[in-house]
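Asks: If you want the building blocks of each chain, they are given just below.
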Amino acid sequence: MNDLLRSLALSLKISIVATIVTAALAIPLAFVLARRRFWGKSLIEALLTLPLVLPPTVVGYFLVILLGVHGWIGRWLNEWFDLHLIFDWRGAVVAAVVVSFPLLFLPAKSAFASIDRELEDIATVMGASPLRIFWHVSLPMARRGIVSGLLLAFARALGEFGATVMILGDLSGHQTLPISIYADYTSGRSLESAWPTWLAIASLSLISLLVILAYNRSAALFQE
Amino acid sequence: MRFTLLPACLCLLALIGAPFARSETISIAAAISIKEALLEAEIAYAKETGDEVEFSFGASGVLLTQIKNGAPIDGFISAASEQVDELEKSKLAVAGSRRVVAMNGLVLIVPAGSKLKLTSIKDLTRDDVKKIAIGQPKSVPAGQYAMQTLASLKLDQAIAGKIVNGANVRQVLDYVQRGEVDAGFVYATDAQQIGDRVKVIANAPADSHEPIVYSRVIVAASKKQAAADRFLSFLGSPAGKQILEKRGFITEAPAKTTTQPASK
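For the protein sequence lines, the chains are L and V, in the order given. For reference, each letter of the first sequence is one residue, going 1 to 224 in the numbering used here. For reference, each letter of the second sequence is one residue, going 1 to 264 in the numbering used here.
The hints are simulated quantities; they were obtained by calculation from the structure and are not laboratory data. It is possible that some hints are incorrect.
In silico lysine-lysine, DSS-like type, Cα no more than 25 Å apart, as pairs [what the hints assert, rightly or not]: (1) L:Lys13 with V:Lys130; (2) V:Lys91 with V:Lys130; (3) V:Lys199 with V:Lys162; (4) V:Lys115 with V:Lys138; (5) V:Lys115 with V:Lys199; (6) V:Lys115 with L:Lys13.
Some but not every residue of chain V turned toward chain L, in silico, with C-beta under 10 Å [stated by the list, open to error]: (7) Leu118; (8) Asp123; (9) Arg126; (10) Lys130; (11) Lys131; (12) Val164; (13) Gly166; (14) Gln171; (15) Gly195; (16) Gln225; (17) Ala226.
Rough simulated footprint, nothing fancy, chain L against chain V, three-plus residues with beta-carbon under 8 Å [unchecked claim]: (18) 56 to 63; (19) 186 to 194.
From the three backbone atoms N, C-alpha and C, an ideal C-beta is built for every residue, glycine too.
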């Protein structure tokens, strides 16, 4: 039970931090890509959406190559900040951000794209700065798509296994819920003994989805 | 006419059937640490008999789980006695088919470029040693042996927070080789196999862990038990032993009780 609580705490920590980081990256990017047109935009959008369809093991593979001690980025992180992302929960956050990114980016982008542009223009005419327009006009109007995306990204981060297991590995006392289920399975523990773990993760994911549905319904009612 | 046609038909049938009846393909699940030796043995064996062997390599504990769950495996080579004991206990092994295949040693390795200058297993308690890889003790024999050694040297408590579990011993080797961990416990043969990309710091004292014995057994559910026995027995033949020894395994039971690995 103690192990379960520790795994639960680690999974929640990783997913919550990952969702915050994803929000900070995906929402501004979604806004820019919904508004601006420039050469190579489609390619950038495709690359940002790629983790949605790529096997998580491929994502994990690239992240290990990039972030490993001798990796292109990992080498510098190691030298300048003494930061080792492999076998570290912060590395798992990076993995969770990459795989959950498209789930926030896509709905946020369509939400921004469907806003009545006139309201933004009016705000500009009234002298509001672009940042203020984003914060007080665009963001509130796109909130439905963004909130759904945030919850989906959170649920995806919580369930992330493939890339995470390659980066976080199997650390005693630092297993996420999905990794602990897999470690139990491969170690020949009876499958029944994993029920508290899968119950925990299935309930959390179900709750996230129910919150999305409830939110969407109330938002729809509010708009009517 | 009737009497001449029948034998002719039978002869023809026998001729067509012969190659199919004679060459068989068996599936062997084996500890990943013995992989290269078995692949080489298979080539020699296939030349001699025409039989083919398909391997599934992994941590012995993982393979045991697969066999228990009904994986189509004919023979099993485990890197520890525990898994074979359990297969026999649950009546999934052919009674009396168990033999010792080889023996091995456990070593502590560091990445080739390591700047930590570790010289003994006790150095693992130093503060500048951040991560130590061992096989996941729940399923990887090399990890079980490593934990036994650490416990017998009374280091297990001090380094508990530094342990990274590998899914099998070759993953431990990979973690060390890539420099993602500061040190790791692998078999003497693993260190020999990867060459100069890792450095052996110390041999685990042979009395600090259970003897590292690879045992083989035939799976009771197999329909190719005779063919499985032929291949597994080949490993015990002089030709098979020579291949194993070339890869650093010990095939003769030592006269004394010590089983120090032959480190090259």
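Asks: Regarding the hint that Gly166 (chain V) lies at the interface with chain L, is the smallest CB-CB distance below 10 Å?
Replies: Result: holds, 7 Å to nearest chain L Cβ.
Asks: At a threshold of 10 Å, is the proposed contact between Gly195 (chain V) and chain L supported by beta-carbon distances?
Replies: Gly195 (chain V) check fails; min Cβ-Cβ to chain L is 18 Å, beyond 10 Å.
Asks: Under the criterion of a CB-CB separation shorter than 10 Å, is Arg126 (chain V) in contact with chain L as hinted?
Replies: With a closest approach of 17 Å, the Arg126 (chain V) hint is violated.
Asks: Quick check on the hint: Lys131 (chain V) CB to chain L CB, less than 10 Å?
Replies: holds, 6 Å
Asks: Would you mind confirming whether the straight-line C-alpha gap from Lys199 (chain V) to Lys162 (chain V) stays at or under 25 Å?
Replies: Given that 25 Å is the threshold and the Cα spacing comes to 20 Å, the pair holds.
Asks: For the restraint on Asp123 (chain V), tell me whether the closest CB of chain L is nearer than 10 Å.
Replies: Given a least distance of 20 Å, the restraint on Asp123 (chain V) is violated.
Asks: Are the Cα positions of Lys13 (chain L) and Lys130 (chain V) separated by 25 Å at most?
Replies: With a Cα-Cα distance of about 22 Å, the restraint between Lys13 (chain L) and Lys130 (chain V) holds, given a limit of 25 Å.
Asks: Taking only the CA atoms, is the gap from Lys91 (chain V) to Lys130 (chain V) under or equal to 25 Å?
Replies: Measuring from Cα to Cα gives roughly 43 Å; hence the hint is violated.
Asks: Does Lys115 (chain V) pair with Lys13 (chain L) here, judged by a C-alpha cut-off of 25 Å?
Replies: violated, 33 Å
Asks: Are Gln225 (chain V) and chain L close enough, Cβ to Cβ, to be under 10 Å, as the hint says?
Replies: violated, 24 Å
Asks: Hint Gln171 (chain V) vs chain L: min CB-CB distance below 10 Å?
Replies: holds, 8 Å
Asks: Have a go at the Lys130 (chain V) hint: is there a Cβ in chain L nearer than 10 Å to its own Cβ?
Replies: holds, 8 Å
The structure fails to meet hints 2, 4, 6, 7, 8, 9, 15, 16, 17, 19 from the earlier list, while all remaining hints are met.
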